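Trainee: All chains, full assembly: derive it from the sequences and hints.
Using this note's numbering, you'd call the opening residue of the sequence shown number 448 and step up by one each time.
A portion of the hints provided could be inaccurate.
[What the hints assert, rightly or not] If you anchor each label on the Cβ, the simulated ranges turn out as follows:
1. Ser675 with Thr552: 45 to 51 Å
2. Thr649 with Arg559: 42 to 48 Å
3. Glu471 with Gly551: 30 to 36 Å
4. Arg546 with Ser513: 46 to 52 Å
The hints are simulated quantities; they were obtained by calculation from the structure and are not laboratory data. As the structure is a computational prediction, the values presented were derived from the model and not from experiment. Even for Gly, the Cβ is constructed at its ideal location relative to N, Cα and C.
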Amino acid sequence: MTESGFFSERHGFHGDDAEITIREDAPEDVRAAVVMLGYAAGLGPSGMRDAVCEVLLKRPDPGNWSAGNVENEVHRLIDAAPWYAIYDIAERICAEIGRDDHSGTARVQYARRLNQLFRELGVGWQMEDGRIVVRGSEAFALATRDAVATMQAASAPTAAREVHEALRDISRRPSADVTGAIQHAMAALECVAREVDNSSDTLGQIIGRLGLPAPLDSALHKLWGFASEQGRHIREGREPRFEEAELVVTVASAVSVYLLRRAHRPTIDAPRF
448 MTESGFFSER
458 HGFHGDDAEI
468 TIREDAPEDV
478 RAAVVMLGYA
488 AGLGPSGMRD
498 AVCEVLLKRP
508 DPGNWSAGNV
518 ENEVHRLIDA
528 APWYAIYDIA
538 ERICAEIGRD
548 DHSGTARVQY
558 ARRLNQLFRE
568 LGVGWQMEDG
578 RIVVRGSEAF
588 ALATRDAVAT
598 MQAASAPTAA
608 REVHEALRDI
618 SRRPSADVTG
628 AIQHAMAALE
638 CVAREVDNSS
648 DTLGQIIGRL
658 GLPAPLDSAL
668 HKLWGFASEQ
678 GRHIREGREP
688 RFEEAELVVT
698 VASAVSVYLL
708 RRAHRPTIDA
718 PRF
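Mentor: Pasting the structure below:
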(Lines of atoms letter the chains of each structure in order from A; the text may use other names.)
(Lines give C-alpha, C1' and ligand atoms only; values in the text may rest on other atoms or scores of the structure.)
Protein backbone atom coordinates (compact mmCIF):
# COMPACT_ATOMS: atom_id res chain seq x y z
CA MET A 448 0.00 0.00 0.00
CA THR A 449 1.47 3.36 -1.01
CA GLU A 450 1.62 6.33 1.32
CA SER A 451 -1.57 7.81 -0.13
CA GLY A 452 -3.19 4.47 -0.91
CA PHE A 453 -5.63 4.14 1.97
CA PHE A 454 -9.17 5.40 1.49
CA SER A 455 -9.11 7.45 4.70
CA GLU A 456 -5.82 9.10 3.73
CA ARG A 457 -6.95 9.93 0.21
CA HIS A 458 -10.08 11.62 1.51
CA GLY A 459 -8.71 13.09 4.73
CA PHE A 460 -10.78 11.02 7.15
CA HIS A 461 -9.40 10.26 10.61
CA GLY A 462 -10.60 9.95 14.16
CA ASP A 463 -10.77 12.94 16.47
CA ASP A 464 -7.81 13.64 18.71
CA ALA A 465 -8.58 12.31 22.18
CA GLU A 466 -7.63 14.10 25.37
CA ILE A 467 -4.18 13.03 26.52
CA THR A 468 -4.70 10.46 29.28
CA ILE A 469 -1.90 7.97 28.59
CA ARG A 470 1.73 8.70 29.47
CA GLU A 471 3.25 6.01 31.66
CA ASP A 472 1.62 3.12 29.84
CA ALA A 473 1.62 1.31 26.51
CA PRO A 474 -1.87 -0.15 25.97
CA GLU A 475 -2.46 -3.25 23.89
CA ASP A 476 -3.41 -1.20 20.82
CA VAL A 477 -0.09 0.67 20.98
CA ARG A 478 1.91 -2.54 21.40
CA ALA A 479 0.16 -4.11 18.42
CA ALA A 480 0.58 -1.04 16.21
CA VAL A 481 4.32 -0.71 16.89
CA VAL A 482 4.84 -4.21 15.50
CA MET A 483 2.20 -4.25 12.75
CA LEU A 484 3.39 -0.98 11.27
CA GLY A 485 6.92 -2.38 11.24
CA TYR A 486 5.74 -5.38 9.26
CA ALA A 487 3.79 -3.07 6.94
CA ALA A 488 7.00 -1.11 6.30
CA GLY A 489 8.74 -4.25 5.07
CA LEU A 490 10.47 -5.53 8.19
CA GLY A 491 10.33 -9.33 8.26
CA PRO A 492 9.75 -11.59 11.29
CA SER A 493 13.47 -12.28 11.84
CA GLY A 494 14.39 -8.61 11.58
CA MET A 495 11.54 -7.73 13.92
CA ARG A 496 12.68 -10.29 16.47
CA ASP A 497 16.26 -9.03 16.28
CA ALA A 498 15.10 -5.46 16.93
CA VAL A 499 12.85 -6.43 19.84
CA CYS A 500 15.43 -8.73 21.44
CA GLU A 501 18.12 -6.07 21.12
CA VAL A 502 16.05 -3.55 23.07
CA LEU A 503 14.92 -6.05 25.70
CA LEU A 504 18.34 -7.75 25.91
CA LYS A 505 16.70 -11.11 25.33
CA ARG A 506 18.27 -14.06 23.52
CA PRO A 507 16.20 -15.12 20.48
CA ASP A 508 14.73 -18.60 20.90
CA PRO A 509 16.93 -20.87 18.73
CA GLY A 510 14.06 -23.34 18.50
CA ASN A 511 11.96 -20.84 16.54
CA TRP A 512 12.98 -20.58 12.92
CA SER A 513 9.77 -20.60 10.87
CA ALA A 514 8.11 -17.24 10.18
CA GLY A 515 4.97 -18.10 12.12
CA ASN A 516 6.85 -19.22 15.22
CA VAL A 517 9.11 -16.18 15.12
CA GLU A 518 6.09 -13.87 14.88
CA ASN A 519 4.51 -15.59 17.88
CA GLU A 520 7.75 -15.14 19.80
CA VAL A 521 7.73 -11.42 18.95
CA HIS A 522 4.14 -11.10 20.18
CA ARG A 523 5.00 -12.78 23.48
CA LEU A 524 7.97 -10.49 24.00
CA ILE A 525 5.92 -7.41 23.18
CA ASP A 526 3.10 -8.43 25.51
CA ALA A 527 5.49 -8.97 28.42
CA ALA A 528 7.67 -5.88 27.90
CA PRO A 529 7.46 -2.93 30.33
CA TRP A 530 5.56 0.03 28.94
CA TYR A 531 8.56 2.28 28.36
CA ALA A 532 10.39 -0.43 26.42
CA ILE A 533 7.59 -0.42 23.83
CA TYR A 534 8.48 3.13 22.86
CA ASP A 535 12.17 2.17 22.79
CA ILE A 536 11.22 -0.67 20.45
CA ALA A 537 9.31 1.74 18.21
CA GLU A 538 12.46 3.86 17.87
CA ARG A 539 14.54 0.77 17.13
CA ILE A 540 12.08 -0.47 14.50
CA CYS A 541 12.00 2.94 12.84
CA ALA A 542 15.80 2.93 12.66
CA GLU A 543 15.80 -0.59 11.21
CA ILE A 544 13.25 0.41 8.58
CA GLY A 545 15.53 3.26 7.56
CA ARG A 546 18.47 1.00 6.72
CA ASP A 547 17.16 0.19 3.23
CA ASP A 548 14.72 3.09 2.97
CA HIS A 549 16.84 5.35 0.79
CA SER A 550 13.92 7.65 -0.04
CA GLY A 551 12.87 7.95 3.60
CA THR A 552 9.21 7.36 2.74
CA ALA A 553 8.85 4.15 4.77
CA ARG A 554 10.12 5.81 7.95
CA VAL A 555 7.85 8.79 7.39
CA GLN A 556 4.89 6.46 6.87
CA TYR A 557 5.69 4.50 10.02
CA ALA A 558 5.94 7.64 12.16
CA ARG A 559 2.88 9.29 10.64
CA ARG A 560 0.57 6.33 11.17
CA LEU A 561 1.92 5.70 14.66
CA ASN A 562 1.40 9.35 15.60
CA GLN A 563 -2.15 9.27 14.25
CA LEU A 564 -2.90 6.31 16.51
CA PHE A 565 -1.33 8.09 19.47
CA ARG A 566 -3.59 11.10 18.88
CA GLU A 567 -6.73 8.99 18.55
CA LEU A 568 -5.93 7.00 21.71
CA GLY A 569 -4.88 10.02 23.77
CA VAL A 570 -1.26 8.91 24.12
CA GLY A 571 1.03 11.69 25.34
CA TRP A 572 3.93 10.73 23.06
CA GLN A 573 4.80 11.29 19.42
CA MET A 574 7.56 10.24 17.05
CA GLU A 575 9.76 13.01 15.65
CA ASP A 576 12.81 12.25 13.52
CA GLY A 577 12.77 8.66 14.67
CA ARG A 578 12.62 9.50 18.39
CA ILE A 579 9.67 9.24 20.74
CA VAL A 580 9.21 12.58 22.49
CA VAL A 581 6.54 14.00 24.73
CA ARG A 582 3.33 15.25 23.15
CA GLY A 583 1.70 17.99 25.16
CA SER A 584 -1.17 20.35 24.49
CA GLU A 585 -1.41 22.20 21.19
CA ALA A 586 -0.22 25.34 22.99
CA PHE A 587 2.82 23.45 24.29
CA ALA A 588 3.70 22.18 20.80
CA LEU A 589 3.32 25.58 19.14
CA ALA A 590 5.13 27.52 21.88
CA THR A 591 8.20 25.28 22.03
CA ARG A 592 8.50 24.93 18.26
CA ASP A 593 8.11 28.68 17.75
CA ALA A 594 10.58 29.42 20.54
CA VAL A 595 13.41 27.36 19.05
CA ALA A 596 12.91 28.86 15.58
CA THR A 597 12.73 32.42 16.91
CA MET A 598 15.77 31.99 19.17
CA GLN A 599 17.82 30.63 16.31
CA ALA A 600 16.74 33.51 14.07
CA ALA A 601 17.70 35.98 16.81
CA SER A 602 21.17 34.42 17.19
CA ALA A 603 20.36 33.14 20.68
CA PRO A 604 21.69 29.57 20.43
CA THR A 605 22.15 29.13 24.18
CA ALA A 606 18.48 29.83 24.80
CA ALA A 607 17.51 27.46 21.99
CA ARG A 608 19.67 24.72 23.53
CA GLU A 609 17.99 25.24 26.89
CA VAL A 610 14.57 24.71 25.28
CA HIS A 611 15.87 21.54 23.63
CA GLU A 612 17.12 20.33 27.02
CA ALA A 613 13.75 21.12 28.59
CA LEU A 614 12.05 19.01 25.92
CA ARG A 615 14.53 16.18 26.47
CA ASP A 616 13.92 16.21 30.22
CA ILE A 617 10.15 16.23 29.93
CA SER A 618 10.39 13.37 27.40
CA ARG A 619 12.49 11.06 29.57
CA ARG A 620 11.23 7.51 30.17
CA PRO A 621 10.11 5.83 32.34
CA SER A 622 9.79 9.03 34.42
CA ALA A 623 9.95 12.56 33.08
CA ASP A 624 12.53 14.85 34.70
CA VAL A 625 9.96 17.52 35.43
CA THR A 626 12.30 19.54 37.65
CA GLY A 627 14.97 19.57 34.95
CA ALA A 628 12.40 20.64 32.37
CA ILE A 629 11.32 23.56 34.54
CA GLN A 630 14.90 24.64 35.21
CA HIS A 631 15.94 24.50 31.56
CA ALA A 632 12.82 26.35 30.39
CA MET A 633 13.42 29.15 32.87
CA ALA A 634 17.13 29.19 31.95
CA ALA A 635 16.10 29.76 28.33
CA LEU A 636 13.86 32.64 29.39
CA GLU A 637 16.67 34.09 31.52
CA CYS A 638 19.05 33.93 28.53
CA VAL A 639 16.54 35.85 26.43
CA ALA A 640 15.88 38.39 29.20
CA ARG A 641 19.62 39.03 29.58
CA GLU A 642 19.93 39.50 25.83
CA VAL A 643 17.07 41.99 25.79
CA ASP A 644 18.25 43.78 28.95
CA ASN A 645 21.92 43.67 27.94
CA SER A 646 22.92 42.56 31.43
CA SER A 647 24.05 39.48 33.33
CA ASP A 648 21.57 39.86 36.19
CA THR A 649 19.22 37.09 37.25
CA LEU A 650 15.77 36.84 35.73
CA GLY A 651 14.19 37.99 38.97
CA GLN A 652 16.24 41.19 38.86
CA ILE A 653 15.57 41.80 35.17
CA ILE A 654 11.79 41.34 35.05
CA GLY A 655 11.07 44.82 36.38
CA ARG A 656 13.21 46.37 33.63
CA LEU A 657 11.63 44.52 30.71
CA GLY A 658 8.77 46.98 30.38
CA LEU A 659 6.11 44.27 30.43
CA PRO A 660 2.53 45.49 30.69
CA ALA A 661 0.66 44.77 33.91
CA PRO A 662 -0.33 42.20 35.03
CA LEU A 663 2.06 40.25 32.79
CA ASP A 664 5.04 41.55 34.77
CA SER A 665 3.67 40.28 38.09
CA ALA A 666 2.66 36.97 36.49
CA LEU A 667 6.22 36.50 35.26
CA HIS A 668 7.55 37.28 38.74
CA LYS A 669 5.29 34.56 40.14
CA LEU A 670 6.39 32.09 37.47
CA TRP A 671 10.03 32.80 38.33
CA GLY A 672 9.25 32.39 42.03
CA PHE A 673 7.51 29.07 41.40
CA ALA A 674 10.47 27.74 39.43
CA SER A 675 12.92 28.96 42.05
CA GLU A 676 11.03 27.10 44.77
CA GLN A 677 11.31 23.72 43.03
CA GLY A 678 14.77 22.98 44.45
CA ARG A 679 13.49 23.43 47.99
CA HIS A 680 10.42 21.31 47.27
CA ILE A 681 12.59 18.49 45.93
CA ARG A 682 14.64 18.52 49.12
CA GLU A 683 11.40 18.24 51.06
CA GLY A 684 10.36 15.24 48.97
CA ARG A 685 7.62 16.94 46.94
CA GLU A 686 8.21 16.90 43.20
CA PRO A 687 6.21 19.09 40.79
CA ARG A 688 3.63 17.37 38.62
CA PHE A 689 4.07 16.79 34.92
CA GLU A 690 1.27 19.24 34.13
CA GLU A 691 3.05 21.96 36.10
CA ALA A 692 6.25 21.38 34.15
CA GLU A 693 4.32 21.45 30.88
CA LEU A 694 2.76 24.79 31.86
CA VAL A 695 6.11 26.34 32.81
CA VAL A 696 7.78 25.19 29.58
CA THR A 697 4.85 26.53 27.53
CA VAL A 698 4.71 29.93 29.23
CA ALA A 699 8.49 30.41 29.36
CA SER A 700 8.74 29.59 25.65
CA ALA A 701 5.89 31.93 24.72
CA VAL A 702 7.29 34.84 26.77
CA SER A 703 10.73 34.29 25.24
CA VAL A 704 9.25 34.58 21.75
CA TYR A 705 7.36 37.74 22.75
CA LEU A 706 10.51 39.40 24.14
CA LEU A 707 12.67 38.53 21.14
CA ARG A 708 10.11 39.65 18.57
CA ARG A 709 9.51 42.91 20.42
CA ALA A 710 13.23 43.60 20.74
CA HIS A 711 14.22 42.68 17.20
CA ARG A 712 11.19 43.67 15.15
CA PRO A 713 11.13 43.87 12.20
CA THR A 714 14.33 41.83 11.69
CA ILE A 715 12.69 38.64 12.99
CA ASP A 716 9.70 37.41 11.07
CA ALA A 717 7.32 34.88 12.52
CA PRO A 718 8.54 31.39 11.56
CA ARG A 719 6.52 29.73 8.82
CA PHE A 720 5.55 26.10 9.23
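Trainee: Indicate, hint by hint, whether the structure satisfies it.
Mentor: Status of the hints after comparison with the structure:
| no. | hint | in the structure |
| --- | --- | --- |
| 1 | Ser675 with Thr552: 45 to 51 Å | holds, 47 Å |
| 2 | Thr649 with Arg559: 42 to 48 Å | holds, 43 Å |
| 3 | Glu471 with Gly551: 30 to 36 Å | holds, 31 Å |
| 4 | Arg546 with Ser513: 46 to 52 Å | violated, 24 Å |
In terms of the numbered hints stated before, the structure departs from hint 4 and from no other.
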